[in-house]
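A.B. asks: Here's the letter readout for the chains.
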Amino acid sequence: MLRAEDITITFGGLMALNHVSLEIYPGEIMAIIGPNGAGKTTMLNIINGFYKPDAGRIIFEGKEWPKKMKPNRIAAQGIARTFQNLALFKGMSTLGNIMVGRTQKMHANLFSQGFYWGLSEKEEIEHRKAVEWIIDFLQIENIRKTPASMLPYGLQKRVELARALAAEPKLLLLDEPMAGMNLEEKEDIARFVLDANEELGYTIALIEHDMGVVMDICDRVVVLDFGNKIAEGTPDEIKSDPKVIKAYLGTTGG
Amino acid sequence: MTFFFEVTINGLLVGIMYSLVALGFALIYKASNVFNMAQGAMSLFAGLALVGFLYQYMHLPLWLALLCTVGVMTIWAYVIVYGILRPLVARPPAMMFMATFGIMYILEGVGQSIYGTQAKGLNLGIPEKSFEVGGILLNTFDLIFAGVAALFVAALVWFFQKTRNGRALRAVSDDHEAALSVGIPLLKAWSMTWVIAGIVATVAGVAWGTRLGVQFSLGYIAFKALPVLIIGGIDSIPGAIIGGLIVGAGENLGEVFLGPYVGGGIQTFFPYLLALLVLYFKPYGLFGKEIIERV
Numbered sequence: 001m002l003r004a005e006d007i008t009i010t011f012g013g014l015m016a017l018n019h020v021s022l023e024i025y026p027g028e029i030m031a032i033i034g035p036n037g038a039g040k041t042t043m044l045n046i047i048n049g050f051y052k053p054d055a056g057r058i059i060f061e062g063k064e065w066p067k068k069m070k071p072n073r074i075a076a077q078g079i080a081r082t083f084q085n086l087a088l089f090k091g092m093s094t095l096g097n098i099m100v101g102r103t104q105k106m107h108a109n110l111f112s113q114g115f116y117w118g119l120s121e122k123e124e125i126e127h128r129k130a131v132e133w134i135i136d137f138l139q140i141e142n143i144r145k146t147p148a149s150m151l152p153y154g155l156q157k158r159v160e161l162a163r164a165l166a167a168e169p170k171l172l173l174l175d176e177p178m179a180g181m182n183l184e185e186k187e188d189i190a191r192f193v194l195d196a197n198e199e200l201g202y203t204i205a206l207i208e209h210d211m212g213v214v215m216d217i218c219d220r221v222v223v224l225d226f227g228n229k230i231a232e233g234t235p236d237e238i239k240s241d242p243k244v245i246k247a248y249l250g251t252t253g254g
Numbered sequence: 001m002t003f004f005f006e007v008t009i010n011g012l013l014v015g016i017m018y019s020l021v022a023l024g025f026a027l028i029y030k031a032s033n034v035f036n037m038a039q040g041a042m043s044l045f046a047g048l049a050l051v052g053f054l055y056q057y058m059h060l061p062l063w064l065a066l067l068c069t070v071g072v073m074t075i076w077a078y079v080i081v082y083g084i085l086r087p088l089v090a091r092p093p094a095m096m097f098m099a100t101f102g103i104m105y106i107l108e109g110v111g112q113s114i115y116g117t118q119a120k121g122l123n124l125g126i127p128e129k130s131f132e133v134g135g136i137l138l139n140t141f142d143l144i145f146a147g148v149a150a151l152f153v154a155a156l157v158w159f160f161q162k163t164r165n166g167r168a169l170r171a172v173s174d175d176h177e178a179a180l181s182v183g184i185p186l187l188k189a190w191s192m193t194w195v196i197a198g199i200v201a202t203v204a205g206v207a208w209g210t211r212l213g214v215q216f217s218l219g220y221i222a223f224k225a226l227p228v229l230i231i232g233g234i235d236s237i238p239g240a241i242i243g244g245l246i247v248g249a250g251e252n253l254g255e256v257f258l259g260p261y262v263g264g265g266i267q268t269f270f271p272y273l274l275a276l277l278v279l280y281f282k283p284y285g286l287f288g289k290e291i292i293e294r295v
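So the protein sequences, as listed, match chains V and L. Just so we're aligned: 83 in the numbering used here is position 83 of the first sequence, and the numbers increase by one with no gaps anywhere. Just so we're aligned: 217 in the numbering used here is position 217 of the second sequence, and the numbers increase by one with no gaps anywhere.
Hints are not guaranteed to be accurate.
[Unchecked claim] Keeping only pairs whose Cα atoms sit at most 30 Å apart, straight-line, the calculated BS3-like set for lysine-lysine is: (1) L/Lys188 with V/Lys67; (2) L/Lys282 with V/Lys70; (3) V/Lys129 with L/Lys282; (4) V/Lys145 with L/Lys282.
[As the list claims (entries may be wrong)] Covered stretches of chain L, as calculated for chain V (at least 3 residues, CB under 8 Å): (5) 160-169; (6) 178-189.
Simulated from the structure, these hints should not be mistaken for lab results. Ideal placement from N, C-alpha and C gives every residue a C-beta, glycine not left out.
Working from the sequences, and respecting the hints, build out all of it.
C.D. replies: As structure tokens, then:
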């Protein structure tokens, strides 16, 4: 579905990603793992268009992206994401946040909005339905009207996931969706991610530090270390890969 | 008692015109977290442009001249966003704030060189008749502008709260990166805000220009908007409206009822006193978004 080829990016003298290639296949849950500073979030930022790689190219559904593709254009291609450090619209309610997530799905222009009746109104109602469905799916009915900034951290993460789902993306990028959560919250999110993948058929790429979760829910794992890809495979293969063990534990494993 | 009501109502009518100016500030602040120093200059330029279209260079009918003025302000909006603000995306707000100072001087300079520095009268043919309702003396001119302003304000509130584009603009003001990631084009959103702010500036410029004449001190009505913004909350549209009403009524009442005790002339600073009071008790303004930061 999405292929990143030979991606290289440097920040000053730091080689954040060094000729990294990876591919995301349709319908899978892929995990990108690696120690802190390995370049995982950088990779997502490149796919999502916040950073422009120094070299390499990205091919999405068989088409290569132009060098300076803007993030909002990439979102229009059907790629949604969440952020490691929450990026919710704090002044808006849960509902408002998720509605904004549907930006890509709405077509009524300013003119027809000026005359709310007609197309625009029909659209608004339709989207509201879709949003209610997502709210139901993620079980956040009771915080529908609560301003995002008032929610506890775990729920904010969940609203962010809802906002990304609202775009009905072809590819969903999750940057540490379970960071800072307790076990119960993690299990909830893991279940939502699995459901989104299995029931709704979303292709998902996620970054996660909790190895237990990664091994449980992911089909494939890519391991980064200091900007290099050091391994790729099924969770079982990764678990026993000596290079991965070395990167994480700092020994060769004997 | 009738006198009290008369003073209050006339104050409120002026207050709506303050609201109009404050509204321009609140709009830009909401969309880009920048206090736009050029808002007053935009009103001034709109007034100058209208005079130019009406008498100075052309003799267009009023409706066409108004349309052309809005057109000119739209062009300015795009010049400002794409020419001046684009390189400042994702920089600290202070840089954009300084840029708006520059915009202010550019607008004033260009305005002077095209339209000259003389004060110009602006007459829209609105009858300035006074009449009495239940013993209260009112002015048709004030009433008409108050009506126009009220309509305008209602339309804006509706736009921001109820439409997709309005929601997108609010989203942009909350978080640039997140807005981009859901597919909102940042520069387009800004352009839209500046166009709207330009239209608001036009209405304010025309209203104040008709009242005081189109002159360069018109740029300073922006300072009247400062206490309005502090009282209402800088990022709140309803705040701008109600703040304007409070300031308008407050300064009129203050002048008439408190003025004589201190020798009069308190109209000019009374709004600032009110603002100071509000700052003591509600530092984010009456309707402002209280920012709670987690540490």
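A.B. asks: Which of the stated hints cannot be reconciled with the structure, identified by number in ascending sequence?
C.D. replies: 2 and 3
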